[in-house]
Amino acid sequence: MKNQTVDTSMQSTVARAVRMKWKRSIKAWLLLAPALFFLFVFTLYPVAQSLYSSLFRDNLSTIKPVFIGLDNYKALLKDPVFRECFRNNLLIAVVTIPLCMGLAVILATVSNRLTRGVSLVRLGFIYPTFIPLVAAANIWMFIYTPIYGLLGYINPSWRFLADGKTAIWALIVMLIWKNTGYIMLFYIAGLHGIDKELYEAARIDGATEVQMFTKITWPMLQATNIYVLIIVLTNAYKMVDHLYIMTKGGPGNATNMLLFYIYQTGFDYWDTGKASAITVILVLMMLIITSVNFFTSDRKAFYND
Amino acid sequence: MRKKSVANYIVNVLLFALMFICMIPVIWMIRTAFIRQDVALDLFAVSVPTLDNFKRVLDAAPFFKYYGNTLFITVGVLLVQFVLITMAGYVFARIDFYGSNFLFVLFLSQMMIAPEVLILPNYTLMSRLGLTDTRIGIMLPFFTSAMGTLIVRQTIKTIPYELEEAARVDGANLLQILVMVYVPLLRSAYLTFGMISVSYQWNNFLWPLVMTDSVANRPLSLGLAMFAMSYETGAQWSDVSAATLLVCAPLLIAFVLFQRQFVESFMHSGIK
Amino acid sequence: MYFPVSVGGGPDALIDALCKQYHEENPNVIVNPVYAGSYADTRTKVQAAIKAGNIPDMAILFSIDLYSLLAMDAVIDINSMCVTPEDQEWLNGFYDGFMMNSRAGDITYGIPWQRSTIVLYYNKEAMAAAGLDPESPPTTWDEMKEMAKKMTIVENGQTTQYGIEIPSDGYAYWMLQTFCVQQNGFNLMNETGTETYYNDPRTAEGMRYWKSLAEDGSMPEGIVAWATTPSDFIEGKTAMMYHTTGNLTSVKNNAKFDFGVAMLPAKDSPGSPTGGGNFYIFKGISEERQKAAFEFIKWMTDDERVAQWSIDTGYVATRPTAYETERMKAYAEEFPYCLVARDQLEYGYAELSTYNQAEVQKAIDDAISYVMTNQQEIEPALETAQQTAEGILQAYR
Chain A
1 MKNQTVDTSM
11 QSTVARAVRM
21 KWKRSIKAWL
31 LLAPALFFLF
41 VFTLYPVAQS
51 LYSSLFRDNL
61 STIKPVFIGL
71 DNYKALLKDP
81 VFRECFRNNL
91 LIAVVTIPLC
101 MGLAVILATV
111 SNRLTRGVSL
121 VRLGFIYPTF
131 IPLVAAANIW
141 MFIYTPIYGL
151 LGYINPSWRF
161 LADGKTAIWA
171 LIVMLIWKNT
181 GYIMLFYIAG
191 LHGIDKELYE
201 AARIDGATEV
211 QMFTKITWPM
221 LQATNIYVLI
231 IVLTNAYKMV
241 DHLYIMTKGG
251 PGNATNMLLF
261 YIYQTGFDYW
271 DTGKASAITV
281 ILVLMMLIIT
291 SVNFFTSDRK
301 AFYND
Chain B
1 MRKKSVANYI
11 VNVLLFALMF
21 ICMIPVIWMI
31 RTAFIRQDVA
41 LDLFAVSVPT
51 LDNFKRVLDA
61 APFFKYYGNT
71 LFITVGVLLV
81 QFVLITMAGY
91 VFARIDFYGS
101 NFLFVLFLSQ
111 MMIAPEVLIL
121 PNYTLMSRLG
131 LTDTRIGIML
141 PFFTSAMGTL
151 IVRQTIKTIP
161 YELEEAARVD
171 GANLLQILVM
181 VYVPLLRSAY
191 LTFGMISVSY
201 QWNNFLWPLV
211 MTDSVANRPL
221 SLGLAMFAMS
231 YETGAQWSDV
241 SAATLLVCAP
251 LLIAFVLFQR
261 QFVESFMHSG
271 IK
Chain C
1 MYFPVSVGGG
11 PDALIDALCK
21 QYHEENPNVI
31 VNPVYAGSYA
41 DTRTKVQAAI
51 KAGNIPDMAI
61 LFSIDLYSLL
71 AMDAVIDINS
81 MCVTPEDQEW
91 LNGFYDGFMM
101 NSRAGDITYG
111 IPWQRSTIVL
121 YYNKEAMAAA
131 GLDPESPPTT
141 WDEMKEMAKK
151 MTIVENGQTT
161 QYGIEIPSDG
171 YAYWMLQTFC
181 VQQNGFNLMN
191 ETGTETYYND
201 PRTAEGMRYW
211 KSLAEDGSMP
221 EGIVAWATTP
231 SDFIEGKTAM
241 MYHTTGNLTS
251 VKNNAKFDFG
261 VAMLPAKDSP
271 GSPTGGGNFY
281 IFKGISEERQ
291 KAAFEFIKWM
301 TDDERVAQWS
311 IDTGYVATRP
321 TAYETERMKA
331 YAEEFPYCLV
341 ARDQLEYGYA
351 ELSTYNQAEV
361 QKAIDDAISY
371 VMTNQQEIEP
381 ALETAQQTAE
391 GILQAYR
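Protein chains in written order, with our numbering: chain A, 1 to 305; chain B, 1 to 272; chain C, 1 to 397.
Hint data in this document are derived by calculation from the structure and do not stem from the laboratory. Among the hints, erroneous ones may be present.
Said to hold, decoys possible - In silico lysine-lysine, DSS-like type, Cα no more than 30 Å apart, as pairs:
id : chain 1 : residue 1 : chain 2 : residue 2
1  : B       : Lys55     : C       : Lys252
2  : A       : Lys165    : A       : Lys238
3  : A       : Lys165    : C       : Lys211
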């Protein structure tokens, strides 16, 4: 008898809690509704739309799209330009991500210890963040242009952008210049969040600067690293504006990238089916890479505070 | 101790040397923008700074119109974003509700799929809606920001819950709580995200490139590219540099002036 | 009228002025030119606009976009607009060389406007300095190769003056075409825009000659940029260049030395592809607007205006009768080189123009840059380009 009362009262508590949660949920969904609406219409629906379009032949020669199954994807596998873009994207990611992150964390740490000129140094490294990529492309164009460019004064026969082997490296240098400051900002914020006493304690124990960095700073920056990794990863494939000014993806396709190839295929050649297929592949790649990064690392950064 | 200070010294020298290298592009741009056109190609040429290049640029292309468009787009996007990220950030920080994990991952997916990648389907959508070559069409895909939501969420989590409870006891409803309690405390989050968002829109290129056909809606970044590319007769470096400086100047100046506040707000926002 | 135009830099101001003048003379017509950048960018924009149903009234587009526009069924037949004998006469009054890229079969779709050929610019002072006669520019491939070598100046292992620059980005296919048509008029494509001959031995022969200039050291290694080639010439960094006549006035105004302009050197025969932009009128707009666009184009291509446009820019005046005008005669007297491109028209050939122009053109442009940057050998690069083009064009046969 006694047990039963406890049971019912517990049941009613649970029921009330569920009711409360439902009420909260409705409120939450309502508050999220506008953001969800735009998220749905301009991110999720377009992904679905690309998936659908990628199954059709839809280019300048077809009046009405024709269903062709996976042919667009099969064609892409054999498309040398697509493969070259893919390789370039990979190269840019592999080179710029560690370099940007490494440089940024070192610069943030070192500049933090300065007694004077902290602001100046930050200014000097972070300003490229605020220069639009197309504008940066104009400036760097005038640095790389043979003979008249800034580097032309050192050696007029340097033609970095004109050579299929060096062009992509020339662009990578610019991307690192453009990105590092932005990443540095995140690390400055991250460093700020580390308890100073940890360093005091380590100093008393006689730790060297390098030890303090590897034993305290780097581990404490794990949360920042997740943010930063997502940013540099997305940057590695979405920063293509400079191609429009500097190389148009050339020489040949030596500097072409997937996103720029989407633009060329979709808007220059009007091959909507093929461009959709590349879009789908790019989206999938990003989702896979970032989720691996996200689910293997410490998720606390996202779920808790 | 002495060894350490020598090492320190070397590190600092390296730091400043690297900083100087990093500054070269902007110095080069400013120098070329102000130099007389006929000596622009001579590295050691010295000339009295001239505004002629700017005059030519402003005569040749409607940069003021471009400024207006970029300003309109940037501010419009930012205002909507502020409202949406506040509501969404609050929900994810404070409310335990059905579907929260699912929706949160959905939001994060937007951070991973940058809007640029979806230019083709989004363009198709816009042309079906009749919104190509409009400024609102350029703005729409950016209204929801996962990153902004995340920043607000993290910041709200650092705010004591008691403040909200106290307001509730005083009879405030949810809207009042958001506006009276949270918005003032989210200032640094807004500033941080504001700078990120503004520089994003200022940078934005590929999307307006496919969206706009006319000067009436063309933003600065695109106007600059058109200007730089329009010389079939060969590049005019001093003009292009002047135009580039015109485009970069507002954000650069804002950053130089508010650098300290900006970096500090970055430190105090939820990002770490 | 919504009027996308692909000109830039200085000439857009000229177009603006003309549109304004037209409005003053015809107050009920407002012509609103929209500049969308280069030819390729304007094409992209116009294609997008058509697909989206936002159809322009008329446009100045690349003459070679004709087949792409036809595939979209986007442009109207100009012959049918010419009903009066005067209209007929006007239509027949353009240079034949320019009509090649303006017609499909017997039907005219484009009206020539900013049209050009490629010419050889040479620095007379550099020629004299190299012990050459400044009044006799090269006339054959071999002569040009030799003279380019002689005019190349190397100091301390660095080339301070190249013998020649032939741009290999942007309009690379166009430059390659010169070396093709000079072999007894062999061209890169058929007349209906459905076939290309990228892998023909003569294409490879032309490519080999072009590349050999770089191998001699008389042309820069790698890609030579279209945009900086004129600056190189004006600054004396190169003694000769291949470039469009559209640049003539700009070079004339900026070069501080005596320079000459000549027809391109020949192999078996002289020749140059024509190039540049045409007016098009679009389908899907009201007949009234089409008529208005037609009238505007007739007004723009009036002899006097064509002559003035040619003087202001260097583009070839598209009508023989324009050269009979007083202002043109006076200008030719003062600056006879403005006639070179026109004279070369006698040996003019159609510019590369096919269906799905952008992609077919990219195939050969890529092949050229692979060769120029030593990433691929000539034959395999051209073979790949041909395969790509085949894949695209078979849908149109």
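**Asked** Honestly, which of those hints from before does the structure not fit?
**Response** Those not satisfied: there are none.
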